[in-house]
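There are 2 protein chains.
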Amino acid sequence: MAFTESEVIALLAQVFASSNPNLEVGIGDDAAVVRTSNRTVITTDMAVEGVHFRQEWSSAFEIGRKVTAANLADLFSMGAKPTFLVVAVSLTGSEDLEWIKNLAKGIAFEANLVGAAVVGGDLAKGAAVTIAITALGEVETAILRSGAQVGNQIYISNLPGWSRAGLAILEKSLPIETKAAKRAVAAFRAPSLNYAYAANLAKATAMCDVSDSLMTQAEQMAVASKVKFNLDFDLFQASADFAELRTLSEELNISITDLILGGGEDHVFLATGQDLPGLQIGSVSAGSGLNLLGNEKAPDTWRHFE
Amino acid sequence: MAFTESEVIALLAQVFASSNPNLEVGIGDDAAVVRTSNRTVITTDMAVEGVHFRQEWSSAFEIGRKVTAANLADLFSMGAKPTFLVVAVSLTGSEDLEWIKNLAKGIAFEANLVGAAVVGGDLAKGAAVTIAITALGEVETAILRSGAQVGNQIYISNLPGWSRAGLAILEKSLPIETKAAKRAVAAFRAPSLNYAYAANLAKATAMCDVSDSLMTQAEQMAVASKVKFNLDFDLFQASADFAELRTLSEELNISITDLILGGGEDHVFLATGQDLPGLQIGSVSAGSGLNLLGNEKAPDTWRHFE
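In order, the protein sequence lines correspond to chains A and B. Quick note on this note's numbering: the first sequence kicks off at 1 and runs consecutively. Quick note on this note's numbering: the second sequence kicks off at 1 and runs consecutively.
Errors might be hidden in some of the hints.
Since the list gives no way to pick one copy over another, a pair counts as held whenever it fits inside one copy or between any two copies.
Claimed, not checked - The list that follows gives simulated cross-link-like pairs (lysine-lysine, DSSO-like), each with its CA atoms no further than 30 Å apart:
no., residue 1, residue 2
1, Lys-125, Lys-182
2, Lys-125, Lys-179
3, Lys-226, Lys-101
4, Lys-125, Lys-81
5, Lys-81, Lys-297
6, Lys-182, Lys-203
7, Lys-226, Lys-182
8, Lys-297, Lys-203
9, Lys-105, Lys-125
10, Lys-105, Lys-228
11, Lys-81, Lys-226
Source of the hints: derived by calculation from the structure; they are not laboratory data.
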């Protein structure tokens with residue numbers, strides 16, 4: 001590498017500098033020391049170059065934002081407030097200090113959105129850039145996947161599918177000219193999460209974020225809660241974004257149900273309860289598994305869930 | 001891969017099953033929920049296949065132990081007691097379930113040694129196995145690197161150098177026949193840390209663990225504490241292990257000072273204070289940097305520190 005480890009650590013200590021009063025020992029010792037409430041929520045998420053991101057598709061800043069968002073979404077999904085993060089990164093040695101600084105700035109940017117601070121990390125050498133973030137948060141009463149009740153309604157914070165559409169545009173090297181195409185590519189590069197929505201869901205009986213796909217996560221919640229999730233695709237059309245995403249789906253030759261039900265990485269929040277904010281997309285009944293209502297054809301991968 | 005992600009998660013939930021009363025939500029939701037004291041110590045450490053370990057040199061169990069030990073050592077170095085771990089792993093897809101199970105068992109074995117539990121994780125796909133562990137601990141008063149005082153003595157828990165000798169044996173494909181060679185290779189594959197030593201050092205003014213090399217870590221402590229560390233190599237010879245390591249160093253044609261001062265990954269504990277247990281190896285004086293006393297020739301890399 002064209003720089004020493006201590007140069008990188010000094011740079012990172014600067015980017016991640018925090019005046020958080022609960023941070024007692026930050027970057028530079030064997031470990032960080034923070035003040036915590038008596039109930040801590042922990043999650044970890046790893047992203048690998050070539051699998052989760054590509055340097056030719058995303059800037060270092062966007063990569064940093066995206067990996068951080070995936071972790072923060074897990075905390076908000078538990079009803080928790082993020083507090084502190086640690087970041088372990090393997091670098092190939094071909095990155096320059098500027099790239100590393102921008103990666104760190106992307107991580108810090110996303111963490112700052114929710115008032116969290118990066119307090120430590122590790123640097124390693126590897127054949128591909130790999131980023132593992134662990135995020136801590138605090139919560140009084142955690143919202144689990146297993147709490148959905150028969151008779152609950154099912155809600156999402158936003159319409160998913162944009163990130164998957166953006167990936168398709170990049171994979172096919174399609175022009176990024178229309179407003180919808182720009183929005184989709186931006187969502188793939190670094191999704192803008194609706195943290196405020198999740199922070200306002202204390203009444204939810206169950207919650208998770210959609211990292212894989214709405215189908216996958218809805219099934220996981222149905223299984224964990226021992227109930228049946230009935231998703232009504234007609235209800236998705238009430239979203240103000242639906243028409244724009246449908247037009248884009250036609251341009252990409254991907255069905256709208258594939259995009260919305262099969263697309264992940266938007267990290268929209270999926271919750272159950274009564275009279276919650278957000279877009280109602282179905283209801284919970286006795287039984288098990290997933291049920292798709294409405295006039296649209298289910299995605300091919302749907303069969304797995306029935 | 002020859003298995004599904006949910007199969008792996010079910011397996012890991014079984015290996016990491018814990019009856020820890022402070023674990024409220026374990027593997028299977030978006031994040032884990034644990035009860036914590038009001039001061040939490042956090043560290044993260046990443047190990048990459050081909051850089052930190054090789055599958056032809058170490059079993060999955062040993063790799064799991066070694067990466068976990070590196071994290072636990074950081075917590076003990078702060079005077080903390082480890083509580084909970086999360087583990088993010090990228091797999092290439094060529095590993096079988098048995099290998100993954102043994103990796104998890106190695107992690108669980110090492111965590112169990114100190115009463116800590118693995119409460120969550122993430123699995124990703126990547127071109128090389130990469131393991132990132134984050135460990136949490138609790139502490140009342142953290143022992144920092146910056147606390148060494150003029151007039152303190154310098155101590156180590158054990159003689160370092162075994163892991164580096166073991167790496168040399170494996171790299172040169174030397175026979176592993178003598179007791180010393182077996183001990184060195186075992187130390188490289190999975191060091192056995194002296195956790196009890198570190199847990200008993202509440203009186204230490206400063207502490208860290210030797211992950212890179214004794215020279216590197218001693219210099220870091222000297223810089224952080226704004227003092228001079230005087231290491232007397234003659235004092236190392238009081239160790240009951242010295243003669244065995246010296247014989248091995250001669251067989252390997254590596255100088256004994258190189259092995260002891262330049263070898264890392266044994267994670268021996270380096271501490272300063274008065275009348276501490278362990279092997280006294282020097283003293284702290286006013287000034288800066290490192291000073292090597294005794295009749296042995298300093299390693300070539302020593303110059304960097306003077």
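Against the structure, the hints come out as follows:
For the identical chains of this complex, Lys-125 and Lys-182 are inter-copy neighbours only, at 28 Å across copies versus 34 Å inside a copy, given an alpha-carbon limit of 30 Å. With identical chains, the CA atoms of Lys-125 and Lys-179 are never at most 30 Å apart, being 39 Å at best within one copy and 33 Å at best between copies. Proximity of Lys-226 and Lys-101 under a CA criterion of 30 Å is satisfied inter-copy only: 28 Å between copies versus 46 Å inside one chain copy. In the homo-oligomer, the alpha carbons of Lys-125 and Lys-81 lie at most 30 Å apart only across protomers (29 Å), although the nearest pairing inside one protomer, at 32 Å, exceeds that limit.
Taking the shortest alpha-carbon separations for Lys-81 and Lys-297, neither the intra-copy value of 38 Å nor the inter-copy value of 55 Å comes in at or below 30 Å. Proximity of Lys-182 and Lys-203 under a CA criterion of 30 Å is satisfied in neither setting, with 35 Å inside one chain copy and 60 Å between copies. In this homomeric assembly, Lys-226 and Lys-182 never come within 30 Å of each other (Cα to Cα): the closest approach is 40 Å inside a single copy and 53 Å across copies. For the homomeric pair Lys-297 and Lys-203, neither the shortest alpha-carbon distance inside one copy (33 Å) nor that between copies (69 Å) is at most 30 Å.
Taking the closest pair of Cα atoms, Lys-105 and Lys-125 come within 30 Å of each other both inside a single copy (20 Å) and across two copies (25 Å). Taking the shortest alpha-carbon separations for Lys-105 and Lys-228, neither the intra-copy value of 42 Å nor the inter-copy value of 36 Å comes in at or below 30 Å. Taking identical chains as interchangeable, the C-alpha atoms of Lys-81 and Lys-226 lie at most 30 Å apart only when both belong to the same chain, with a minimum of 27 Å there against 38 Å between chains.
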